[in-house]
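Put together the whole structure using the sequences plus the hints.
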Amino acid sequence: MKSAKFDYEKPRALADAIKLLAGGAGMAKVIAGGQSFGPMLNLRLAQPDLLVDVRGLPELTAVKDEADAVTLGACTTHAAIEDGRVPDATGGLMPFVARDIAYRAIRNRGTIGGSLAHADPAGDWVSVLMLLDATVIISGPAGERRVPASEFVTGALATSLAEDEILTGVRIAKFSPKARWSYYKFCRKTGEFAEAIAGFVVDPARGIARAVIGAAEGAPVVITDATALVTGGKSGFDEAIASKATTGAGFQPGSYEFQVHMAALKRASERLQ
Amino acid sequence: MKQIKLTVNGKPVEALVEPRTHLADFLRENERLTGTHVGCEHGVCGACTVEIDGAPARSCIAFAVTCDGASVRTIEGFDDDAVMAQLRAAFSAEHALQCGYCTPGMLVTARDIVMRIPDADEARIRHELSGNLCRCTGYVGIVRAIKRVLAENRTAS
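If you read the protein sequences in the order shown, they are chains A and B.
Okay, so the first sequence: first residue is -8 according to our numbering, each after it adds one.
Okay, so the second sequence: first residue is 977 according to our numbering, each after it adds one.
Certain hints may be false.
Which residues of chain A face chain B? A few of them, derived with a C-beta cut under 8 Å, are [claimed, not checked]:
1. ASP(-2)
2. GLY25
3. GLY29
4. ASN33
5. LEU34
6. ALA93
7. ARG95
8. LYS180
9. THR181
10. GLY182
For lysine-lysine, the following DSS-like pairs were computed, each having C-alpha atoms within a straight-line distance of at most 30 Å [to be verified]:
11. A/LYS55 - A/LYS20
12. B/LYS981 - A/LYS1
13. B/LYS978 - A/LYS20
14. A/LYS10 - B/LYS981
15. A/LYS257 - A/LYS180
16. B/LYS978 - A/LYS(-4)
17. A/LYS(-7) - A/LYS180
18. A/LYS1 - B/LYS987
19. A/LYS(-7) - B/LYS981
20. A/LYS180 - B/LYS1123
21. A/LYS165 - A/LYS257
22. A/LYS257 - A/LYS235
23. B/LYS987 - A/LYS(-7)
24. B/LYS981 - A/LYS20
25. A/LYS1 - B/LYS978
26. A/LYS1 - A/LYS55
27. A/LYS(-4) - B/LYS987
28. B/LYS978 - A/LYS10
29. B/LYS981 - A/LYS(-4)
30. A/LYS(-7) - B/LYS978
FYI, nobody ran anything at the bench for these hints, they're computed from the structure.
Just so it is clear, CB atoms sit at the ideal spot from N, CA and C, and this is done for glycine as well.
Listed below in structure tokens is the structure:
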């Protein structure tokens, strides 16, 4: 359970980090908190030549609180979000989610950017940032680009991040005061990766009624108009529409996976306050 | 090899490390601090939990090289800590250990619960303790020991 050999650099400037990645011919990898990458290295599932530690880059620890959005640097830890040490745009949704990510010892080092770039479909931030329609901020040799989270995550453990690009932050639009949200995940053991995830954001002032089905085979599935799945809405929780959405997320009706995702969706809907 | 400078239990340490050496191996083999136990070596069992810059962390998935400039506190560094003294006594009184393999990590996590969540009830203690595995006790004694210290501190304040 020891990692294969690798070199290690901790650059102080974003441009230097990008240069190191570009010079790595695909065998240089970014490390931040290392709470997913560390185990993968120890298990030798990953054997890069070079680790580029991005925790020393000021852009990745910066936090910006604007009138309509909050931008979190990629190296913001889950514990910082849990404790409210960074501003929350989501009326409590993100601290609620952070508190249930793995364990405190993991949350103290693990980062939101690392979790998103790792793109484990059962990870929390992948689903939540897609639910929030967050903007992912990326830097590369050609400068900065911004993509919606749903375009950033392309599949299980797959993103649109190029080998010489770094995820620097995420921009999250602020909820209006009357926004409602819910998040439910099913884990066999507290802190384990989820077997099913579902979440809702209903914010009439911004014309939003979104849901997400996560911990799927591939990328999470966002339902952009989830009105029919909102308990207490015009039609109540519509089982037929929920079933269609769950099937659309790749689950066979009658299977365990289908049942557990349907249950998560229904429980999330019931918890929508 | 990389040169690192860090503080271990309040003492400055300089060393030349291979980047792939994880912090737990560094502490045990370079610093001879064998109170840090290595269990699963992929961040699941919690036996290797130490404090890095004042916060609990897994030393098996933190590489020593990434702790350059950090302050690390292992179970040996809590000898004179008042809360840890309370916890040691409570762990003995409540039979919160048998083989002792998980205990260093359990104590670091338990201290974090006592310091951070003084009003924790049993459900919260169990939630916070879920990242530390014990195969002997069934957790009942460990949970009781933490409850005992929380109750002592509530009475004192």
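Q: Could you work out which earlier hints the structure fails to respect and list their numbers in ascending sequence?
A: none
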